[in-house]
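From first to last, the protein sequence lines stand for chains A and B. Per my numbering, the very first residue in the first sequence carries number 1; after that it's consecutive. Per my numbering, the very first residue in the second sequence carries number 1; after that it's consecutive.
Hint data in this document are derived by calculation from the structure and do not stem from the laboratory. Please note that a few of the clues may not be correct.
[Said to hold, decoys possible] Which residues of chain A face chain B? A partial, calculated answer using Cβ under 10 Å:
# : residue
1 : GLU8
2 : SER26
3 : ARG28
4 : PRO91
5 : ASP296
6 : LEU301
No residue lacks a Cβ here, since even glycine has one placed at the ideal position from N, Cα and C.
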Amino acid sequence: MATTLGQEFGVRRVYDATPKKGVGVSLRLSDREVELGPREFDLYEKVAERVPGIRSQKEVAAELGMDEARLGRLLAALQSAGLVYRADAVPATLSGVELHTLFNKVLPSWLDEAFSHPFWERMTSGRGSRRMYSGWLIELYHYTRNANRHMPLSCAHAHEKAIKNMRAKHYAEEWNHYHYFLKALKALGFSEDSVTKSVPLPMSLALSNFMRQAARDDILAYSICSAVLEGTTVDRGAYNPYYETCAKLYDLPPESIAPIYAHLDLDVQYQHSDLFLDILSKVDSIPAARAGRILDYGHQLIEHIWLWTDSIEKYYDAESNPMPRPAFSKLLD
Amino acid sequence: MQMQLPVLKRTAKVVHGKNDKLAIQYMGQEVTLEGAAAKLFDKMLPYLDGNTGIGGIAERISESPKRLQSLTQQLGQTGVLAFKDSDSGERITGEQFYEIHRTYVNSWLQPIYDHPFWEKVVTGKATRGQVLGFAFEKYHYIEGAFEHMAIAAANATPEMMPHLARHFIEEYNHGDIYRKGLQSLFPNDLILRAQPLPSTRALVNFLSESAARNSFGYYAGNELLQMTENTGEEKDNDSINDFYDAMRKHYPYTDKVIDAFIAHTNADQKLGHENVFLEMCQSIPPLTRAEVDDALNIVRSMAEHLYLFMDGIDTFYARFPTIPRAPCDLLSE
Numbered sequence: 001m002a003t004t005l006g007q008e009f010g011v012r013r014v015y016d017a018t019p020k021k022g023v024g025v026s027l028r029l030s031d032r033e034v035e036l037g038p039r040e041f042d043l044y045e046k047v048a049e050r051v052p053g054i055r056s057q058k059e060v061a062a063e064l065g066m067d068e069a070r071l072g073r074l075l076a077a078l079q080s081a082g083l084v085y086r087a088d089a090v091p092a093t094l095s096g097v098e099l100h101t102l103f104n105k106v107l108p109s110w111l112d113e114a115f116s117h118p119f120w121e122r123m124t125s126g127r128g129s130r131r132m133y134s135g136w137l138i139e140l141y142h143y144t145r146n147a148n149r150h151m152p153l154s155c156a157h158a159h160e161k162a163i164k165n166m167r168a169k170h171y172a173e174e175w176n177h178y179h180y181f182l183k184a185l186k187a188l189g190f191s192e193d194s195v196t197k198s199v200p201l202p203m204s205l206a207l208s209n210f211m212r213q214a215a216r217d218d219i220l221a222y223s224i225c226s227a228v229l230e231g232t233t234v235d236r237g238a239y240n241p242y243y244e245t246c247a248k249l250y251d252l253p254p255e256s257i258a259p260i261y262a263h264l265d266l267d268v269q270y271q272h273s274d275l276f277l278d279i280l281s282k283v284d285s286i287p288a289a290r291a292g293r294i295l296d297y298g299h300q301l302i303e304h305i306w307l308w309t310d311s312i313e314k315y316y317d318a319e320s321n322p323m324p325r326p327a328f329s330k331l332l333d
Numbered sequence: 001m002q003m004q005l006p007v008l009k010r011t012a013k014v015v016h017g018k019n020d021k022l023a024i025q026y027m028g029q030e031v032t033l034e035g036a037a038a039k040l041f042d043k044m045l046p047y048l049d050g051n052t053g054i055g056g057i058a059e060r061i062s063e064s065p066k067r068l069q070s071l072t073q074q075l076g077q078t079g080v081l082a083f084k085d086s087d088s089g090e091r092i093t094g095e096q097f098y099e100i101h102r103t104y105v106n107s108w109l110q111p112i113y114d115h116p117f118w119e120k121v122v123t124g125k126a127t128r129g130q131v132l133g134f135a136f137e138k139y140h141y142i143e144g145a146f147e148h149m150a151i152a153a154a155n156a157t158p159e160m161m162p163h164l165a166r167h168f169i170e171e172y173n174h175g176d177i178y179r180k181g182l183q184s185l186f187p188n189d190l191i192l193r194a195q196p197l198p199s200t201r202a203l204v205n206f207l208s209e210s211a212a213r214n215s216f217g218y219y220a221g222n223e224l225l226q227m228t229e230n231t232g233e234e235k236d237n238d239s240i241n242d243f244y245d246a247m248r249k250h251y252p253y254t255d256k257v258i259d260a261f262i263a264h265t266n267a268d269q270k271l272g273h274e275n276v277f278l279e280m281c282q283s284i285p286p287l288t289r290a291e292v293d294d295a296l297n298i299v300r301s302m303a304e305h306l307y308l309f310m311d312g313i314d315t316f317y318a319r320f321p322t323i324p325r326a327p328c329d330l331l332s333e
């Protein structure tokens, strides 16, 4: 049986595709921009769609109306542009530190993807609302409180003493940070009871359930997810304007912002963003399959953040939805 | 039993009509009041919070407690009004729970049936990514039986164990039926390695988490999912067939995938699972109010997760159309 195109090639992730007026499309990869003319882009799209299919190179060439040699030249051109890669070029193993280097290279693109949801632009352009801001904060409260559902689990499932210790210390430093969000919500007029007895949106719960899954599956998979989450809070330059703009646009009291800054500052002070490197430094060698799975957990978490944002916007945008969301009661519902 | 603290059900909606008429809409039913009764209800409405006694309300709105008592009792009988002080500590039987479950589920499933994704497919407006994404996510969800059904069987209470064991044994291989359909388009290895959307992962993880902590609540939630799959009733079959016919017409490449959908529906129907939940309800000891609330919280959350599952397919594949969702490797990012 002939090998399929996908057994020979892989397609690199494109983080953004921007049409260039009349001259094609600019594709943004984690390490480069690739500009393609309209015809080249059309061919690239056709090839990228067929790489994961069941056809051999010969069959794909026939489908695209070209001979195999021409398809081979096209694939070579796409490979040299960095858009596709040969499957046999994937290294068999790498060290923990090498995996961290790779993670650091792709993290900015991943975070761009996580925060590419239109919610952020909507909020900072004044088309959001105080209600949506507060809803987002309620879900952040749940997400932070739910750290207690996954952080200790990661300690329980870590097998090496050094890594167990690092995970336990991280938990000890983070477990009660939900109080910061509760304080902010109280400043926005919510009663403590209504917040603490509320239930999270399914996607907020999904974030902690996904972290629990990672914790049970592989401590390095859990740690990359944790590193992605820490990566969302290290840059004060990125988050300050968001809060400051929202405060102005939606008339938020300073007492509702101050606890959030205090929380973010504490995270920076603890240097939790270095934890993933500390953990990976303890790992000499990681087989490619495991390393791929670890990266995949990290990227799936990025997608969770995007969809979480989507859920928050949809739910809190509807004025008739209860806020905070009470748990079901047969008597009251 | 006290009946002094009336509370309007939180999900009830009061709609004011013409000529002193008003309607209270609740769980698909509508209670209409007119004339003096409508006026009295309107005056009482701000105090129907379960914290104000009938005497207190009467005093505040200058009405006779007797009139209030009469109206609240009548409304209590329709179900739109409850009394916060009516808990006699009485337990409810499994069979009573079954009836309550049916009533709530029919209401909670409505937003899923109303999701715009169905219409997009039927009218041919869904994209290739959304249509193939739907097929993949159905596969991932059914394949998720390996996780949640196994966890449910392994953590079952003595009464639930035979049901949950049988459920797993009869359904664990149903994912293969879907995989067969996808194999007409994608290599087997890639289907097995493909990653579900966060929203699908959320549904499977929620099932697993519920299965680990509350056997009966898990199955009550699972029953909601079953009710969307294998009713076997003619009118439901007709609408499902219409959906598949439209899908074949607009997306001919999904022909084999639809054959797999139908094969799975037939396999489910052959199992005769439609009475399993009733049998379970008949086999469990009576439930306290807290147990009923816990189980129904799981069921409501399951409905929300199912909605998220649909919404994820619609929203995520519209924004990120790459299909199948191949996992990361060391060169893909």
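Hint check against the structure, violated hint numbers in rising order: Per hint list: 1, 2, 3 violated.
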